[in-house]
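Student: Chain residues, written in single-letter form:
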Amino acid sequence: MTKSVDQNSPVAPMLDRRDERVKHAQGIGGAVSAFLDRIRSGDLGSLPVVVGLVIIWTVFQSLNPVFLAPNNLVNLLFDCSTVGVIALGVVCILIVGEIDLSVGSVSGFASALVGVLWVNQGWPVAVAIIAALAFGALIGAIYAFLFNRFGMPSFVSTLAGLLSILGLQLYLLGSTGSINLPYDSPLVNFGQMLVMPDVVAYVLAALPGIVFFVLEFRTAARRRQAGLSSPFLGSLLLRAVFVTVVLEFIVYYLNLDRGIPWMFGLFVGLVVAMNYALTRTKWGRSMIAVGGNREAARRAGINVRYIYTTAFMLCSALAATGGILSAARLASASQQAGTGDVNLNAIAAAVIGGTSLFGGRGSAYSALLGIIVIQSIASGLTLLDLSSSLRYMITGAVLAIAVIVDSLARRSRVSHGRA
Amino acid sequence: MTKSVDQNSPVAPMLDRRDERVKHAQGIGGAVSAFLDRIRSGDLGSLPVVVGLVIIWTVFQSLNPVFLAPNNLVNLLFDCSTVGVIALGVVCILIVGEIDLSVGSVSGFASALVGVLWVNQGWPVAVAIIAALAFGALIGAIYAFLFNRFGMPSFVSTLAGLLSILGLQLYLLGSTGSINLPYDSPLVNFGQMLVMPDVVAYVLAALPGIVFFVLEFRTAARRRQAGLSSPFLGSLLLRAVFVTVVLEFIVYYLNLDRGIPWMFGLFVGLVVAMNYALTRTKWGRSMIAVGGNREAARRAGINVRYIYTTAFMLCSALAATGGILSAARLASASQQAGTGDVNLNAIAAAVIGGTSLFGGRGSAYSALLGIIVIQSIASGLTLLDLSSSLRYMITGAVLAIAVIVDSLARRSRVSHGRA
Amino acid sequence: QNAKVSNATVAFLMPDQASTRYEEHDYPGFKAEMEKLCPTCKVLYQNADANVSRQQQQFNSAISQGAKVIVIDPVDSAAAASLVKQAQSQGIKVIAYDRPVPDAKADFYVSFDNEAIGKAIADSLVQHLKASNVTAASGTGVLQINGSPTDAAAGLIKKGIHAGLDSSGYPILAEFDTPEWAPPKAQQWASGQITRFGKNILGVVAANDGTAGGAIAAFKAAGVNPVPTVTGNDATIAALQLIIAGDQYNTISKPSEIVAAAAANVAIQFLMGETPKAETTLFNTSSRLFVPAVITAQNLKAEIIDKKINTAEQLCGGRYAEGCKKLGIN
Amino acid sequence: MTNTNQQQSDGRERVLSLRGISKNFGAVSALTDIDLDVHTGEVVALVGDNGAGKSTLVKILAGVHQPSSGSITFRGNPVTLDDPSAALRLGIATVFQDLALCENLDVVANIFLGKELSPFRLDEVSMEVKAWTLLNELSARIPSVREPVASLSGGQRQTVAIARSLLLEPKLILLDEPTAALGVAQTAEVLDLIERVRDRGLGVIMISHNMEDVRAVADRIVVLRLGRNNGVFDPDASNQELVSAITGASNNSVSRRASRRQAQNVQAQAPQGQAPEARR
Amino acid sequence: MTNTNQQQSDGRERVLSLRGISKNFGAVSALTDIDLDVHTGEVVALVGDNGAGKSTLVKILAGVHQPSSGSITFRGNPVTLDDPSAALRLGIATVFQDLALCENLDVVANIFLGKELSPFRLDEVSMEVKAWTLLNELSARIPSVREPVASLSGGQRQTVAIARSLLLEPKLILLDEPTAALGVAQTAEVLDLIERVRDRGLGVIMISHNMEDVRAVADRIVVLRLGRNNGVFDPDASNQELVSAITGASNNSVSRRASRRQAQNVQAQAPQGQAPEARR
Ligand SMILES: Nc1ncnc2c1ncn2[C@@H]1O[C@H](COP(=O)(O)OP(=O)(O)OP(=O)(O)O)[C@@H](O)[C@H]1O
Ligand SMILES: Nc1ncnc2c1ncn2[C@@H]1O[C@H](COP(=O)(O)OP(=O)(O)OP(=O)(O)O)[C@@H](O)[C@H]1O
Ligand SMILES: [Mg+2]
Ligand SMILES: [Mg+2]
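Protein chains in written order, with my numbering: chain A, 1 to 419; chain B, 1001 to 1419; chain C, 2001 to 2330; chain D, 3001 to 3280; chain E, 4001 to 4280.
The hints are simulated quantities; they were obtained by calculation from the structure and are not laboratory data. One should not assume that every hint holds.
Unchecked claim - Derived pair list, reagent style BS3-like, types lysine-lysine, alpha-carbon separation capped at 25 Å: (1) C:Lys-2307 x C:Lys-2119; (2) B:Lys-1023 x E:Lys-4130; (3) C:Lys-2325 x C:Lys-2036; (4) C:Lys-2308 x C:Lys-2130; (5) C:Lys-2119 x C:Lys-2068; (6) E:Lys-4171 x E:Lys-4115; (7) C:Lys-2105 x C:Lys-2036; (8) C:Lys-2068 x C:Lys-2036; (9) E:Lys-4115 x B:Lys-1282; (10) D:Lys-3115 x A:Lys-23; (11) B:Lys-1282 x E:Lys-4130; (12) A:Lys-282 x D:Lys-3130; (13) D:Lys-3115 x A:Lys-282.
As the list claims (entries may be wrong) - So the derived label-pair ranges between C-beta atoms look like this: (14) E:Pro-4119 x B:Ala-1134: 40 to 46 Å; (15) B:Ala-1134 x A:Ile-250: 45 to 51 Å; (16) D:Arg-3089 x A:Ser-185: 26 to 32 Å; (17) E:Leu-4117 x B:Arg-1149: 48 to 54 Å; (18) E:Asp-4236 x D:Ala-3263: 15 to 21 Å; (19) B:Ala-1134 x A:Glu-295: 53 to 59 Å; (20) E:Lys-4115 x B:His-1024: 54 to 60 Å; (21) B:Arg-1222 x E:Gly-4201: 32 to 38 Å.
Every value quoted in this text rests on a predicted model; they were computed, and no experiment measured them. Glycine residues also receive a C-beta, built at the ideal position from the N, C-alpha and C atoms.
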């Protein structure tokens, strides 16, 4: 195996397999041992968070068997979707290394705006929603302007935004107080009741595995053609089957009760779209580059200002979306909407899921994972009869425990020289 | 001026003046033109924030002439001191590039602890205070442990702390609700009334100028002896006189009313001490190094874990101090203490004053400046009769305006190639 | 008579932590009455910490756990309408507690009236001012400190205070919505108003005891002696002590245990399939209202000590002993 | 010191021409009145002491910094380069001394940063193949192009930075100490590469502290000293001439060291009859 | 290939001795079974291709990375270096390839980082004087030592990093490509410095890609290839020998380039009678 890199050597190894110092996995056994290797060196992606989640679930289930009851899990999915969409926006802005403290206010204002325009002013609901989304995007554009033009730190500009928009929200609802959304409207139905028909849920749950397999299969073929190494087909198939089985089981279990909420479907759809945009488009690549090293990205010819603008606008627009969803969920546009811990929960979800506060590292899935962790804790504690003081203490402790697994894994990654 | 660096050239220029490309200021004229140069290139330290402050003050004064009345300013100083001390702790933790979201909770819990131990349990007040401070330091030590040992991101661990400690606070005050601190006790007196005697205030206001001049004079002498350039004496004197005149005027003006609160004196004392520690000790140097480049600091032999531990502990302990001060100011330990916007205000004060959220850049004075900006806005709006919705909107807008000046200055610094 | 009800689950959902009453009085009162009436029944207790979404979550989980009756003190009265409808569609009875749900017809409503509380403290203040012959000269007036601008209950109290003050002849010099009910904010605001209006402040109507304490601290810090008349609400120990010490004028005592017990009774009746008797009808809902008591130094002994809401030991420690003696408490 | 400016420009188009470029950083004048010309098919070496302002000049040409004064003419038109993307659009590719890589991205992503294939559905396979091809051309030994750049060795990173600049079809290539961290083999490949690029008619500005490399590929050697032009030399100028121009004195540490070593060699090796070689 | 290990150790104390050091990064074996000895008053040059593992080895000795296996003996005692401060305490000073400076601190603060004078009341004047002295010794041209390191040129930074390592009184100095970014004058100073340090009886490990510099100061040349020992050479080994050991083939880009240039020179310069010099 000491071949030189000469082009004319008789059996040139694959382009990316010429370095003899690298161990490569062969076949299924190799894949397993590579996986074990990765566990040992702590290079695990989001597995540790999942492990933390499983621990939390086990504990809560043993404390109150209602916790894993399908009914409760369906509620959990409804609750995840609203803040989850906001967290997805936060992921965007964290990836470029900035922050948005006003997501809570924006979501609250968006719900108020929908309430006022739709219920009070009688606009068509779709137009009201579009207006709210446009408002969200506009807010983001203002932050981006302040950031690009004046270099105002996003912490300060969005703090100012938090206050101003909360003021706007109070102003808008000032004369009426909270506005109830019609209980029988499609929007509220969507936020409270609408679940997928069983068949649709089963079909959708089969999609990821199939799409994954087909795409990876085609990529593998192209890689082989191009002289690159390609993953072992068996392991691809194994993974696809595994994913499908798990998802189908979840669907089956939840279908025992109401089934999968369409709202959760929307959230997951947004996550998948965002993941595609971040990992498979030039724009996403630029986002991660800007977050990792702004100056290097600028020197590579990336329009850094444009990237920041899109990040801020996406974040605010998604926050507005989340606000509309929570109004739908609550069937009301209230003065409290978006206040309290919405901000912290959204940011914490992104961070717990593995997105870095310092930019350049993160994934759309961290919003999904993080919000499930947070809402699981909240839901689990709701099932125990605790005084508020105990509930706060236990929430904090459980949060720490959920993240400790991930931190330990990352720590081991660092001690193995992999940052 | 094309001398080589040879030791034996007849009139060797000063050690630090051998590079002919650098312009140096000579005499007072030179100092002035250097200052103008700095303005043009945006290298202004905290001047822009001061300018922003002056703008805010002018506007508020024109809206309500009570604003700059000595009485109101004395109130302002009282109010600055409590959150200011917390912000000082936040500066510490931001400098090493971490964050503490639990300063509010810690401050609230510390005030509750003092209330319970002192008023309800009858401990001597000093012992109760020491217990609260020790508790604060302990919390910081726990964060540091989680950070150093498990690598848990401080955002998550302190978020968990925020919740847990809030729970503790509610638990502690659960049966009684708020606890009144005796109005005639020295602690409440300190927080509400105690001001410096006029003479003491005048003397203390003279100190900075004198100390500055004496120290700089001696340093200048040592520098001259060592063959280094030294600042022009006249400009030193000018600056000392300027500082003294400004401070003495402030004291004179505030003495027209009650005078300078001792509590503010304590706050400024802590700021000065922290500034000394950060700029003139090995520990402070290590803090800034760790914040700027953790790995480089580690390779320089700095005990990085120790530095993080001190930073976390200082931050929590100062938060506890701030909590005790606000209990003294309110004459009550309440369940709401430390909730609401205490956290955001403390962090925002540090950031507005110029401390970076990303570590490695910051100064103790940023806590002082930042909190004055924030409290000025709050105080100014208090004097105008506004609905809460308007108040929120205007707070946000004024905050943005106050920071825009600073951002512009920093921007110009960047565009002049100085990061 | 209760043999018919056993092993049922009842949820008791409270809104916030702005005062300690929910955990110190309402819940213990409710639980005690339930235990008396149905020892095998399970009571689920939750506090939403002033968070609408959290209350919704708690409401859903109560349903998941099989609650047949839900007693809810809504964080947001308007928003609770959907919860009520949702529960009723599953055959679950909802008792609105403390705050009404105007937009949906709950099965029962048990409360004191927050608006009435606001009006009561304002009226009490006005009467006191008039009794002490304080005239509203030009430029003088009272300050109004409301609760959190995002809190619906605070809005009701605010409305009541306005109703009480508007016709009183004492103008409102300035008013303030205290974010998060935070006493330090109330203190800072009051300090500013003291600078502005000085001796022209005749009194302060504060919406709860915490903000009242903040206002009193502001007067003390400004060296104003004696402190003008300051009202409160909730009858916290701290406030009662301030009343004993003469710094605060009044507060509102809500016999929460009694109201909670009434709610428990109604719940049991629902569980037995009976229709509880209504005293009045409010918001189209069968209701039972309780009248809160305004506590001042004069009736503190009678309303608090004698009704065993608090004990003398709780109130009269240390510095308050002398004041207690003056009021005849020992 | 021969001014070869005139001679070389015969018949060749001028790609770049700088006149009176100055740049101040606060109180420091990093560049003062710099003039420089580059023609098609010409390799101009920019040499000078540490801190002479070479990188500052390159950064100005790459649009990273804006000059305080002076004018830039590119292919006959006056231009202002107020952004790196402006320079890239004109066809100026740069390898920066500090490399300017995104440490959190992998090798392929860094090489293609800003010029990804099929922007809405990144073509990772083609990009990876192209990356390997470029890297192999440069004799780089990189274990995996799917690891973040943070895990690469210094020389591997530099190779990645060089590979990046080859992706474009530039008119002018700026190389700021491209071989500083490279091994002997990789250095040879880069020098070959520079010659190939020149033969394709591009202009090249190369900065290096290695006089041997400079003389091997440069058509003209421009010396900067303390931010000013300090002469233009032919590649066959003697080492001593160049070093004097760079350090500003004929008695410098290089010449001192050379003469000291020479003396030692004479003492030590005279018996072995080896002729002492003057290396000043 | 002469194993000069035995010969040189005569009479000299061994400062450092590595046996069987390996280091894996995930699936990559960066080092495999490395043996190395350094004696007092000896300069060992560590050479190898890009990515050969030289810096990894230095980082292990500096306590930055922990080896996956193998033993380290320092001045006769087995040691474990689980932290850079452990290495510093033993007297191992390191100049890292990536310099490891704090960009937000000024030059003086960087030079004295971790070893400030009078920790409770920093003696800025003495530190500044000492900093200037060190920098002048290295012929550095730095406009101001009170500017953050971020504003320095590449070579200036490297000088700062070298100055740092001189502050301690080390027993062993590790220099990872110390002259990569330095100008000709500064390089000469650093080579002088290395010789002075050696004469004071310290052990030195120097990494460099410049064979000329290596031969000028090294007492022994250790070659790494793909993370393994690949021979030990005398400084008078021929360039070709060294390059073959480094690249692992006698037909490599360096030799190809040399022969190509030779051919060109013969063509072009034969009329001028200049003897073509074989530089392989
Ligand atoms: N951003 C900046 N702020 C302040 N001074 C700077 C900045 N960039 C460069 N300088 C100064 O300008 C001078 C020239 O720096 P430059 O990087 O151009 O040198 P160089 O010729 O590339 O040196 P080297 O050979 O060491 O790379 C240096 O003295 C440096 O301190
Ligand atoms: N932290 C790390 N994680 C993963 N791989 C690493 C890490 N550090 C080094 N490597 C790998 O180890 C190998 C050796 O790297 P090293 O930096 O020691 O090379 P080097 O000999 O110093 O090369 P150069 O001459 O380019 O500086 C490289 O292939 C590199 O990719
Ligand atoms: Mg340079
Ligand atoms: Mg290296």
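Student: Each hint needs a verdict: does it hold in this structure or not?
Tutor: Hint-by-hint comparison with the structure:
This hinted pair checks out: Lys-2307 (chain C) and Lys-2119 (chain C) have alpha carbons roughly 24 Å apart, not beyond 25 Å. For the suggested pair Lys-1023 (chain B) and Lys-4130 (chain E), the alpha carbons sit about 23 Å apart, so the restraint of at most 25 Å is met. This hinted pair does not check out: Lys-2325 (chain C) and Lys-2036 (chain C) have alpha carbons roughly 37 Å apart, beyond 25 Å. As the CA atoms of Lys-2308 (chain C) and Lys-2130 (chain C) are separated by approximately 31 Å, the hinted pair breaks the 25 Å bound.
For a cut-off of 25 Å, the pair hint linking Lys-2119 (chain C) to Lys-2068 (chain C) is broken: about 36 Å separates their Cα positions. Distance restraint check for Lys-4171 (chain E) and Lys-4115 (chain E): the Cα-Cα separation of roughly 17 Å lies within the 25 Å cut-off, and the hinted pair is therefore satisfied. The suggested pairing of Lys-2105 (chain C) with Lys-2036 (chain C) is violated, with an alpha-carbon distance near 29 Å, which exceeds 25 Å. Our distance criterion of 25 Å between C-alpha atoms is met by Lys-2068 (chain C) and Lys-2036 (chain C), whose separation comes to about 18 Å.
Straight-line distance between C-alpha atoms of Lys-4115 (chain E) and Lys-1282 (chain B) comes to about 8 Å, which keeps the hinted pair within the 25 Å bound. Between Lys-3115 (chain D) and Lys-23 (chain A) the CA atoms are separated by roughly 32 Å; this puts the pair beyond 25 Å, and the hint is violated. A C-alpha spacing of about 17 Å is found between Lys-1282 (chain B) and Lys-4130 (chain E), which places the hinted pair at or below 25 Å, so the restraint holds. Distance hint between Lys-282 (chain A) and Lys-3130 (chain D) is fulfilled; the C-alpha atoms sit about 17 Å from each other, no more than 25 Å.
For a cut-off of 25 Å, the pair hint linking Lys-3115 (chain D) to Lys-282 (chain A) stands: about 8 Å separates their Cα positions. At about 26 Å, the beta-carbon gap between Pro-4119 (chain E) and Ala-1134 (chain B) misses the expected band of 40 to 46 Å. Evaluation of the 45 to 51 Å hint for Ala-1134 (chain B) and Ile-250 (chain A) yields a pass: the beta carbon distance comes to about 49 Å. Taking the beta carbon of each, Arg-3089 (chain D) and Ser-185 (chain A) are about 52 Å apart, not inside 26 to 32 Å as hinted.
For the pair Leu-4117 (chain E) and Arg-1149 (chain B), the beta carbons lie near 33 Å from each other, so the given range of 48 to 54 Å is not met. The given range of 15 to 21 Å is respected by Asp-4236 (chain E) and Ala-3263 (chain D), whose C-beta atoms sit roughly 19 Å from each other. Between Ala-1134 (chain B) and Glu-295 (chain A) the CB atoms are about 45 Å apart, so this pair departs from the stated range of 53 to 59 Å. A hinted range of 54 to 60 Å is violated for the C-beta pair Lys-4115 (chain E) and His-1024 (chain B), which are about 30 Å apart.
Checked against the hint of 32 to 38 Å, the C-beta distance between Arg-1222 (chain B) and Gly-4201 (chain E) comes to roughly 35 Å, which is consistent with it.
Violated hints, in rising order: 3, 4, 5, 7, 10, 14, 16, 17, 19 and 20; the structure is consistent with all others.
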